[in-house]
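Novice: We have chain B already, so just place chain W on it with the hints.
One letter stands for each residue in the lines below.
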Amino acid sequence: MTTKGICIFAQNNDKFNYVEQAYFLAKSIKKFNPTESVCIITNDDVSDYDSVFDHVVRIEKDDTIYSSWRIENRAKVFDLTPYEETIVFDSDVLLTHSTEDLWVALDSKELYFTTEVINHRGNTVTQDTVHRKTFIENNLPNIYSAFFYFKSTDKNKQFFDLLKSIVDNYQEVYKQMTPNSKQQFGSIDVSIAICCKLLDIKLDSTLWPVIHMKTPLQDLQKVKRWADSVLVYANDDGVFINNYKQNGVLHYVEKNFTENESIKEWILS
Amino acid sequence: MSKGVLLFAHNNDTVDYVQQAVFCAKRVKRFLNLPVTLVTDKQSVASFPFDINKYIENIVYQEVENQHNFRTFRSSTDSVRDKWFNTNRFLAYELSPYEQTLVLDTDVVLCNNNLHQLFNSNKQFSATKHYKQFSHICEDPSVAKISLNSVPMYWATVMYFTKSTVAQTVFDTVQHIHNNWLWYKNLYGLSSAKFRNDYAFSIAIHMLQNFTESVTDFEIPYILYNSFDVDIVKSFNDTEISILAKKNHNDYRITYLKDTTVHIMNKFVFKDIIDKEFANDY
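Residue numbers (this note's numbering), protein chains in the order written: chain B, 1 to 269; chain W, 1001 to 1282.
Calculated directly from the structure, the hints in this document are not laboratory data. Keep in mind that this is a model prediction, so the values were computed, not measured. Errors might be hidden in some of the hints.
Claimed, not checked - Here are the simulated DSS-like cross-link-like pairs (lysine-lysine), alpha carbons at most 30 Å apart as the crow flies:
(1) K1234/W - K1054/W
(2) K1132/W - K245/B
(3) K222/B - K1145/W
(4) K197/B - K224/B
(5) K255/B - K1145/W
(6) K1054/W - K1271/W
(7) K197/B - K61/B
(8) K222/B - K1247/W
(9) K245/B - K1129/W
(10) K222/B - K1132/W
(11) K214/B - K1129/W
(12) K214/B - K1145/W
(13) K1003/W - K1042/W
(14) K1054/W - K224/B
(15) K245/B - K1194/W
(16) K1271/W - K1234/W
(17) K245/B - K1163/W
(18) K1129/W - K222/B
(19) K1145/W - K245/B
(20) K224/B - K1129/W
(21) K1194/W - K222/B
As the list claims (entries may be wrong) - Anything over 12 Å on all C-beta distances counts as not near chain B; from chain W, calculated:
(22) I1052
(23) E1094
(24) N1114
(25) K1132
(26) S1214
(27) E1219
(28) D1238
(29) D1259
(30) I1274
By construction, the Cβ of each residue, glycine as well, lies at the ideal position given by its N, Cα and C atoms.
So that you can see chain B by itself, here it is in the shape it has in the complex (with noise of 0.2 Å):
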């Protein structure tokens, strides 16, 4: 039988506590489906919050260490999923629906990337020419790896490879590929971006709204970070946040949202 089973990264850096979120990601996931197994894939300890992970896989080469955003890692998720069909989201991520649909949806797909976001109002970006810059002027698809899926095939095998090579050579492999407005540090959007892009991959219309909280995507006004600007709360008709219910894979981004008290309690419950 095929297993299947969600991913999150975590490694912890000066600033922020990723297993943390990791921990708070797995019990929203588990909120909907107790049965669903997730993995946490780090070097950090993890024991005060491993009751809710099934697998705690290792990362016995850790390329990260003089990278303070660290996602180097992530391109080795093929070869790290203790799963035959594999689900990824960030760790600053919350569910608010179960992931059952998700699954049936992603069925017919051998590997999925999100390419389009909505903003907390339930509305599309259309073009985010704050943060995307890099996609639009170099033509790249507008990958958003929040949220993806694979299935453990050659294929893939393929890409994840390919995908390793990127990120190890990133520097070089900007320039060639996003001469154009190039990302000055390595990044994993614009990685797979720029494999998908080799490989020809062709990518499905979104099937999951990931919602996107980055504050300029907001539709706010006057306001720097989106999370010590508005209401938020939660109760069991779900999340809100600024009056409005959060429906999908929601990136939170901004990292005292799960401070609040309502939120940590709804993710708890």
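Specialist: Frame of chain B; chain W shown alone:
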């Protein structure tokens, strides 16, 4: 199915809403050819010096409660603070004698029959969302939302509903919001405690769209032209209106409109124009 227009008019010491309602009803006859029901109170009707039934078929009396809802009525030069008896709009569903009802603010000046198309639609409830204004001075982004970063603004100025579960739920929700106004006003970040139907209906619509913007079932596909209280309406006849629209501090530009229905918020200038028309009419 019975069709008609419902108007609400409760006078205060500053604005003669019944006079506006009769004026509005006259234009309903001219452009929509529909019967009109007026929801009002006896005192307001008593102050109207002419035959109110000339243009209004049906009057429903709703005595106003002693309430503490105030607003400032402005013109281009003056402002007056007075009571505002606007809190019974959620009774429209219950009070309308029609199966299909168009609710209009009394200061809507009809100049075409576009709204008649609503009676052929499959909408169970809808309100105006999209609007245009003539004054640049009011170009405030918060106008499009009920407060700076809140939910979209719907205008209770023009609403259409059928006797249906959906419409009843909308009006029941507005009543609930009205009864818990301080809670909702704080929840939605409104700075003033003044109850305003536009806000209450906007919140109700937001709630009934499952707290998202992705559904647009409640929108009237029609642009509401708003002439704000800083504008001066110079003249109008059956189908043409000219407005001096305030562009900035002391700069007005004339705007001519033909066959365009306009919501006129400068109550003082509006009254002068109605007075002139009624002098010939009655």
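Novice: Hey, K1054/W versus K224/B, does the alpha-carbon distance stay inside 30 Å?
Specialist: Between K1054/W and K224/B the Cα gap is close to 58 Å, so the pair fails against 30 Å, i.e. violated.
Novice: Would you check the hint for K1271/W and K1234/W, treating anything up to 30 Å between C-alpha atoms as holding?
Specialist: holds, 12 Å
Novice: Regarding the pair K1054/W and K1271/W, is the alpha-carbon distance no greater than 30 Å?
Specialist: holds, 19 Å
Novice: Are the Cα positions of K197/B and K61/B separated by 30 Å at most?
Specialist: Measuring from Cα to Cα gives roughly 28 Å; hence the hint holds.
Novice: Is it true that the CA of K245/B sits at most 30 Å from the CA of K1194/W?
Specialist: holds, 26 Å
Novice: Does the structure keep K1234/W and K1054/W at a Cα separation of 30 Å or less?
Specialist: holds, 27 Å
Novice: Check the hint pairing K214/B with K1145/W against an upper bound of 30 Å on the C-alpha distance.
Specialist: The given pair, whose Cα atoms are some 21 Å apart, holds under the 30 Å limit.
Novice: Test the statement that S1214/W is away from the interface with chain B: the closest C-beta pair must be farther apart than 12 Å.
Specialist: S1214/W is in fact no farther than 12 Å from some Cβ atom of chain B, at 4 Å.
Novice: Would you check the hint for K214/B and K1129/W, treating anything up to 30 Å between C-alpha atoms as holding?
Specialist: Holds - the C-alpha atoms of K1129/W and K214/B are around 27 Å apart, at most 30 Å.
Novice: Taken at face value, is the distance from the CA of K224/B to the CA of K197/B at most 30 Å?
Specialist: violated, 34 Å
Novice: Is it the case that E1219/W keeps its Cβ farther than 12 Å from each residue Cβ in chain B?
Specialist: Given a closest Cβ separation of 15 Å, the condition holds.
Novice: Are the Cα atoms of K1145/W and K245/B separated by 30 Å or less?
Specialist: Holds. K1145/W to K245/B sits at ~17 Å (cutoff 30 Å).
Comparing the model with each numbered hint stated earlier shows that hints 4, 14 and 26 do not hold.
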